[in-house]
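Visitor: This is what each chain is made of:
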Amino acid sequence: MLEVKDVVKRFGGLVALNKVSLTLKENELLGLIGPNGSGKTTLFNVITGYYRPEEGKVFYRGEEITGLRPHLIVKKGIARTFQIPKPFGRLTVLENVMSAAMYGRKAASRSEAREIAMDWLEYVRLKDKADVEAKALNIVERKLMELARALSTGPDLLLLDELVAGLNPSEMMEVVKLVRKLVDERGLTIIMVEHVMKAVMSISDRVFVLHRGAKLAEGRPQEVSRDPKVIEAYLGEPIQV
Amino acid sequence: MEFKLAWKWVVIAILLILALIFPLFADEFLVSILMQAYLWAFLAMSWDVIGGYGGQFSLGHAAFIALGAYTSTILLESYGVSPWIGMWAAGLVAGAAGALVGVASLRLRGPFFALGTIAFAELVKLLLLYFKGITGGPLGILITKSGPEYMLFESQAHYYYLMFALMIAGLLFLKWFEASKFGIGLVAIREDEEAAEGVGINVYRTKVIGAAISAFLTGIGGTIYAQWIHFIRPDIIVKLEYSTQIAAIDVVGGAGTPYGGLIGALILVPLSLYLNAIFGGMIAGLSLILYGVVLLVVVVMVPGGIYGLVRRKWLSRKKGGE
Chain A
1 MLEVKDVVKR FGGLVALNKV SLTLKENELL GLIGPNGSGK TTLFNVITGY YRPEEGKVFY
61 RGEEITGLRP HLIVKKGIAR TFQIPKPFGR LTVLENVMSA AMYGRKAASR SEAREIAMDW
121 LEYVRLKDKA DVEAKALNIV ERKLMELARA LSTGPDLLLL DELVAGLNPS EMMEVVKLVR
181 KLVDERGLTI IMVEHVMKAV MSISDRVFVL HRGAKLAEGR PQEVSRDPKV IEAYLGEPIQ
241 V
Chain B
1 MEFKLAWKWV VIAILLILAL IFPLFADEFL VSILMQAYLW AFLAMSWDVI GGYGGQFSLG
61 HAAFIALGAY TSTILLESYG VSPWIGMWAA GLVAGAAGAL VGVASLRLRG PFFALGTIAF
121 AELVKLLLLY FKGITGGPLG ILITKSGPEY MLFESQAHYY YLMFALMIAG LLFLKWFEAS
181 KFGIGLVAIR EDEEAAEGVG INVYRTKVIG AAISAFLTGI GGTIYAQWIH FIRPDIIVKL
241 EYSTQIAAID VVGGAGTPYG GLIGALILVP LSLYLNAIFG GMIAGLSLIL YGVVLLVVVV
301 MVPGGIYGLV RRKWLSRKKG GE
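Sequence order for the protein chains is A and B. Counting with the numbering used here, you get residues 1 to 241 for the letters of the first sequence. Counting with the numbering used here, you get residues 1 to 322 for the letters of the second sequence.
In case anyone wonders, no lab produced these hints; they're calculated from the structure. Computed from a prediction, not measured in an experiment: that's the story for all the values here. Virtual Cβ for every residue (Gly too), placed ideally from N, Cα, C. A couple of the hints might just be wrong.
Taking lysine to aspartate or glutamate and the DMTMM-like style, the derived pairs with C-alpha atoms no more than 20 Å apart in a straight line are [what the hints assert, rightly or not]: (1) B:Lys175 / A:Glu133; (2) A:Lys135 / B:Glu178; (3) B:Lys313 / A:Asp131; (4) B:Lys175 / A:Asp205; (5) B:Lys181 / A:Glu112; (6) B:Lys181 / A:Glu133; (7) A:Lys135 / B:Glu191; (8) B:Lys181 / A:Glu115; (9) A:Lys75 / B:Glu194.
Rough simulated footprint, nothing fancy, chain B against chain A, three-plus residues with beta-carbon under 8 Å [unchecked claim]: (10) 64-73; (11) 90-101.
The shape of chain A in the complex, shown without the other chains (with noise of 0.2 Å):
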């Protein structure tokens, strides 16, 4: 579904991605993770069209998409949270998911976008907050309403950028459920990319492991997790299944 190809990103003399290469099946969920400044969020910069690279290319269901701008990646049907929620403070939650929806690739009416929203506000667990402006919602809401606004973009592939850090262990493991049945019950495909090894452990089909820009180990979950190279990129912290 989607394939990165040898992509580079440099800043300056600085090289965030060095050669990355990752191909992404239909209906997975895939964990992204790796120490800070390993180059995860801009991966994700790559893929939605925020920064051009360098060198390699991006193919979404065989479609070149590299350096495409970021509303017109959404219209092909990928969806993306920010690391640190970028809520748009002085329009109602309800306007917020409801932009995705009409601006988003299913490009619906008023009244369909307001349904659309609603419908996800339900499921993230915040319709009661539809009204309120979202400069006044918590960390944790903030979270819920980006996951809910990408969503109502209708995309087919999510890229979750560390939604449930700064959570509270049980507020995460709800997060976590609703993002697995997201891949399990509507058929979305996700990338996750996590700080809590314990949160990308337990839900991901598969790891993808970037240590320095480039890809250090991938595969299932418990082989990644015991693959010496990856503990020692932690620097020996272990890692909890």
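We have chain A already, so just place chain B on it with the hints.
Guide: Quick look at chain B alone, frame taken from chain A:
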């Protein structure tokens, strides 16, 4: 709930009736002041599209007034086209110029955009002075026709109703605009450009069209202004003072809301007319200073303007009452 809603309509109806019968009992001077407040309210609402909802602080909107005023007046005086038709051409010419400013806003951020629009207005003034053959250069154009078919009236009361209709149209437009798909998209960009792209909004297109809509409306306001004042000249329209006044009215009233322009104009326009009448001859640029100070105070002390302040107070009282 229904009771409250009914009250709202009663209040609106009373205000409407009061506004409509105002010229019957007030003297011409007061009618003229309120009429000018309506005109500036409409101009501030036009500015609001890009300045408030779009968050792009333009200080060049006097240029769009001038482009609108000149377009319809040239059509009227040289080709005999009625301003009832000419005002749409005025809107289109100003709108096209607005699109150019929109393109600039893609590159220039914050204060640099504001400076860019000041420069743009100066450029428009120079062009109006330069093309003497069409614009009359520094001498300007005098409107010589008369009659309502040319949007020219005998009494201030007629202009009062014209400006009132214009202001109401602006208000209804903004009410519709802020809930429209385009309006939501424009605000989304103001709030977070990257996130806006991330939900599929074409930032480039939306900014340019937003600026064009704002300028289009301002151009129509320019036609109405010219029809009222009967005489246009580059240096009396393309003034930084006018550009600042438009922005100040909207920011004081409450930028990014349908009511901000009207609230701001009802307060600032009488105030500035009054101050100018007293000190205008003695202190040059007084109103520019006034607007500068008022803008600063409001931006620092009352973000959201008067409308925002009242709304917050009202909401917190309602919450406290429950």
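Visitor: Please verify whether Lys135 of chain A and Glu178 of chain B have alpha carbons no more than 20 Å apart.
Guide: 18 Å, holds
Visitor: State whether the coverage of the segment 64-73 of chain A by chain B holds or is violated, taking the criterion as 3 or more residues with Cβ-Cβ distances under 8 Å.
Guide: The restraint on the segment 64-73 of chain A holds, since 3 of its residues have a Cβ under 8 Å from chain B and three suffice.
Visitor: Would the hint linking Lys175 of chain B and Glu133 of chain A be met if the CA-CA limit is 20 Å?
Guide: This hinted pair holds, its Cα atoms lying about 18 Å apart.
Visitor: Take the segment 90-101 of chain A, compare each residue's beta carbon with every beta carbon of chain B, and decide whether three or more fall closer than 8 Å.
Guide: holds (count 7)
Visitor: Given the hinted pair Lys135 of chain A and Glu191 of chain B, is their Cα-Cα distance within 20 Å?
Guide: 10 Å, holds
Visitor: Straight-line Cα separation of Lys181 of chain B and Glu133 of chain A no greater than 20 Å?
Guide: 18 Å, holds
Visitor: Does the alpha-carbon distance linking Lys181 of chain B and Glu112 of chain A stay inside the 20 Å limit?
Guide: 12 Å, holds
Visitor: For the pair supplied as a hint, Lys181 of chain B and Glu115 of chain A, is the alpha-carbon distance within the 20 Å limit?
Guide: 15 Å, holds
Visitor: Need the status of pair Lys75 of chain A, Glu194 of chain B: alpha-carbon distance at most 20 Å?
Guide: With Cα atoms ~15 Å apart, Lys75 of chain A and Glu194 of chain B stay inside 20 Å; holds.
Visitor: Take a quick look at whether Lys313 of chain B and Asp131 of chain A sit within 20 Å of each other, Cα to Cα.
Guide: 19 Å, holds
Visitor: Does the alpha-carbon distance linking Lys175 of chain B and Asp205 of chain A stay inside the 20 Å limit?
Guide: 49 Å, violated
Against the hints set out earlier in the document, a violation occurs for number 4 only.
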